Amino acid sequence: MKTVTIDPITRLEGHGKISIFLDDRGNVANAYFQVPELRGFEKFCEGRFVEEMPDITARICGVCPEAHHMASTKTLDAVFNVEPSSAAKKLRELLYSAFYVYDHTTHFYILGGPDFVVGPEAPPEERNIFGVIRKVGVEAGKYVIKQRMDALEIVSMIGGRKVHPTFGVPGGISKPLKETERARIEEMAKEEVKFAQFSLKLFEDIVLKNKTYVDLITGDTYTHKTYYMGLVDDKNRVNFYDGKIRVVDPDGNEFVKFPASDYLNHLEERVEPWSYLKFPYLKKVGWKGFVDGKNSGVYRANTLARLNAADGMATPLAQEQYEKLYETLGGKPVHATLAFHWARLVELLYAAERLLELSQDSEITDPNVRRPITETPSEGVGVVEAPRGTLYHHYQTDERGIVQKVNLIVGTTNNHAAICMSIKKAAEGLIKNGEVSPGILNMVEMAFRAYDPCFACATHTLPGQMPLEVDIYDSRGKLKKRLTRF
Amino acid sequence: MGKLKLGFYWAASCGGCEISVLEIGEKVLDVMAVADIVFWPAAVDFKFSDVEKMEDKSIDVCFFNGAIRNREDEHVAKLLRAKSKVMIAFGSCAVDGCIPGLGNATTVKDIFTRAYHETPSTINPEKVEPQPKYSIPEGELELPELRENVSTLDEVVDVDYYVPGCPPVGEQVWNAIQAIVSGKLPPKGSVVGASDRALCHECERKRLGNKFKTIYRPYEIVPDQEQCLLEQGVICMGPATRGGCGALCPKANMPCWGCYGPSPNIEDQGAKMLSALASNLDSTDEEEIKEALGKVIDPLGKFYKFTLTKSILGRVRK
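Here the protein sequences come in this chain order: A and B.
What the first sequence shows, in my numbering, is residues 1 to 486, in sequence order.
What the second sequence shows, in my numbering, is residues 1 to 318, in sequence order.
To be clear, the hints were calculated from the coordinates, so they are not data collected in a lab.
Values in this document were obtained by computation on a predicted structure and should not be read as measured data.
We treat Cβ as the ideally placed atom computed from N, Cα and C, and that holds for glycine.
Misleading hints may appear alongside valid ones.
With the Cβ distance kept under 10 angstroms, some of the chain A side facing chain B (calculated, not the full set) [what the hints assert, rightly or not]:
id, residue
1, 45
2, 57
3, 136
4, 140
5, 143
6, 159
7, 165
8, 290
Hey, can you work out the whole structure from these sequences and the hints?
Structure (structure tokens):
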């Protein structure tokens with residue numbers, strides 16, 4: 001038996017590691033993806049002032065702190081049983097839309113995109129943001145950087161900071177928006193809509209017009225037929241900030257739709273002895289192991305999952321792109337893991353359009369952005385769609401608002417079982433008779449990169465490659481061969 | 001003179017420090033003109049094995065962020081210390097322990113119990129817990145073991161300079177990099193890329209000299225946007241916190257949370273804040289004082305959120 005270890009891939013608030021075991025004929029016997037870090041938020045948040053949870057839990061992730069801050073702030077609304085004013089809700093969603101523009105842009109251009117824009121088989125030294133800039137041109141590269149920074153600027157106008165913004169209070173946000181700020185946001189939002197269209201055009205020219213890529217996307221190596229989860233509004237359209245959680249089955253039919261407060265009736269988590277991260281699954285289907293299909297409780301979240309779980313997009317241009325995606329890929333639901341990248345760009349356009357809509361809403365300069373707190377705090381659940389999947393925060397407090405219990409199901413965690421399965425399937429499809437070429441490294445990476453998982457948080461914003469190393473050991477654990485990316 | 005060799009690494013952290021480095025924007029290109037990055041798992045494709053092969057002290061400056069939570073964090077910190085001429089504790093986790101350091105208010109056993117047994121969504125009838133070594137039919141899988149206590153970087157290796165903040169703001173990162181590139185480094189042990197004064201000195205809120213009678217939780221009051229938050233009875237960590245960020249949180253109409261750590265010449269941020277509270281309280285009546293300060297039900301979380309690991313409290317008795 002040989003072991004192929006990929007370690008480190010890069011950090012997932014620490015580290016991610018892949019071990020692939022080969023049988024005697026050199027084919028894949030099993031594959032494991034391990035998350036080797038735990039910080040213990042669910043324990044050390046006990047005893048804290050509940051109103052500080054948005055700022056404490058933001059430190060779970062410095063790449064998507066807005067998602068934790070927002071889920072936590074919504075949990076505070078529930079804990080204090082207070083409904084934020086309309087202006088406050090719109091400003092929260094406005095900030096959140098800008099955050100999505102920023103976050104999806106970084107993933108597409110810096111992390112996921114290079115595989116397609118430069119090419120999955122391009123030389124590794126080209127397959128990064130610099131390669132992307134060379135391909136699209138320096139001017140376009142600068143344009144991408146500017147649009148990304150503008151979106152971040154909008155986040156900091158409302159949230160006060162670029163990393164770890166602080167604005168969420170139960171019943172609203174910390175300060176109103178000035179008219180001059182609103183006008184500036186509107187101006188930037190118009191450009192973000194154009195930028196999202198530019199990105200979709202780029203995807204069409206480079207990916208959709210290339211049959212090899214389309215075959216790769218639709219091929220079996222990167223496909224899993226699973227359930228899909230996402231927040232939807234009252235018309236079953238994708239929503240990042242609020243709504244009900246809808247789950248569709250592998251045939252695309254609604255399996256369940258539930259409010260955040262009911263999550264414990266629908267989700268359970270499994271513990272495995274070889275990973276610090278748990279494995280959520282659908283309670284009413286049950287855990288059947290790392291398998292897909294209608295009888296397995298494994299579900300997926302994140303971009304394509306949200307599109308699959310919804311009936312459409314709430315903005316006109318994104319809706320056109322939504323229809324085009326399903327027409328091109330053979331109707332709903334789409335099970336192709338690599339199509340998460342395309343869905344990300346459809347969402348980028350929706351986020352930009354929604355940002356523009358909200359920036360033109362005269363109500364957002366209403367000074368009434370905080371509702372008074374009148375009720376004794378107790379318990380609450382808050383949910384948002386983090387870019388990487390549905391994010392659940394659940395707190396119980398005593399009557400003084402001191403946290404007693406915390407439960408968190410984090411975006412990437414939803415996809416944990418699916419990521420393991422995708423890595424295994426890609427490895428099975430690519431490793432035959434013990435032949436492990438350096439080319440496999442990127443193909444295995446592509447299997448999980450589509451999920452934009454949080455262990456990619458870092459590479460999100462940085463040019464370059466996730467460090468990969470494959471060690472092949474013989475059955476006595478002796479290193480026989482070492483392959484590195486370069 | 002050849003180009004500077006820089007290394008970057010993260011241990012138990014959130015990734016925000018990496019983002020803050022990029023806040024310097026196009027200046028990254030200026031840095032690249034005078035420096036080579038020889039290790040940065042996030043950005044370039046060098047591995048531990050590459051670092052192990054380096055001569056000792058061959059990295060000019062290593063920026064290390066993240067707290068020391070598990071055995072791997074500790075191992076890499078020691079490895080990078082050996083290979084680096086200058087070791088910088090970068091960001092609140094490495095400097096003061098930050099939020100991961102709150103793990104010292106509990107135990108690894110209790111963290112495991114909560115995460116893998118108690119949480120209401122967890123179904124674990126066989127009482128499974130992650131194992132440092134686990135045998136599977138095909139072989140063995142390993143996980144780095146958690147250390148019983150979280151440590152700051154300087155508790156496990158010798159540290160030359162400190163860059164505080166959660167995360168350090170981009171402008172201050174640039175200040176620190178400029179100091180390094182120009183070779184104008186202060187004495188060993190200094191804080192680089194932050195202010196030498198308390199946060200209040202850079203806060204634009206007006207101080208009217210008022211004192212407060214009641215402490216308000218942030219949701220109990222809609223604070224005036226212009227006046228000092230502490231004067232309004234909201235616990236703002238400004239007086240006990242090092243400046244450098246530009247008072248970002250008070251500008252957002254939120255109190256300073258204290259992420260830049262203790263203000264200069266202060267040993268313990270929490271003790272300093274308690275003293276600042278007491279001296280701003282408008283009462284000499286013992287009962288009144290007791291009632292007012294009694295609202296600070298969680299002094300550990302309020303005063304030591306970012307510095308528990310480094311504080312005089314340190315950790316819970318285990």
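Hints versus structure:
1. Taking 10 angstroms as the C-beta cut-off, the interface hint given for residue 45(A) holds, the closest approach to chain B being about 8 angstroms.
2. The beta carbon of residue 57(A) is positioned within 10 angstroms of a beta carbon in chain B (closest approach about 9 angstroms), and the interface hint is therefore held.
3. With 10 angstroms as the threshold, the beta carbon of residue 136(A) stays out of range of chain B, its nearest partner Cβ sitting at about 18 angstroms, so the hint is violated.
4. Below 10 angstroms, beta-carbon pairs count as interface contacts, and residue 140(A) has none with chain B, the closest being about 16 angstroms; its hint is therefore violated.
5. Residue-level restraint check for residue 143(A) is violated (minimum Cβ-Cβ distance to chain B is 14 angstroms; threshold 10 angstroms).
6. Hint status for residue 159(A) relative to chain B: holds, with the closest Cβ pair at about 7 angstroms, below 10 angstroms.
7. A hinted interface residue such as residue 165(A) counts as satisfied when its beta carbon comes closer than 10 angstroms to some beta carbon of chain B; here the least separation is about 7 angstroms, so the hint holds.
8. Given the 10 angstroms rule on beta carbons, the hint for residue 290(A) is violated: about 13 angstroms separates it from the nearest Cβ of chain B.
Comparing the model with each earlier hint shows violations of hints 3, 4, 5, 8; every other hint is respected.
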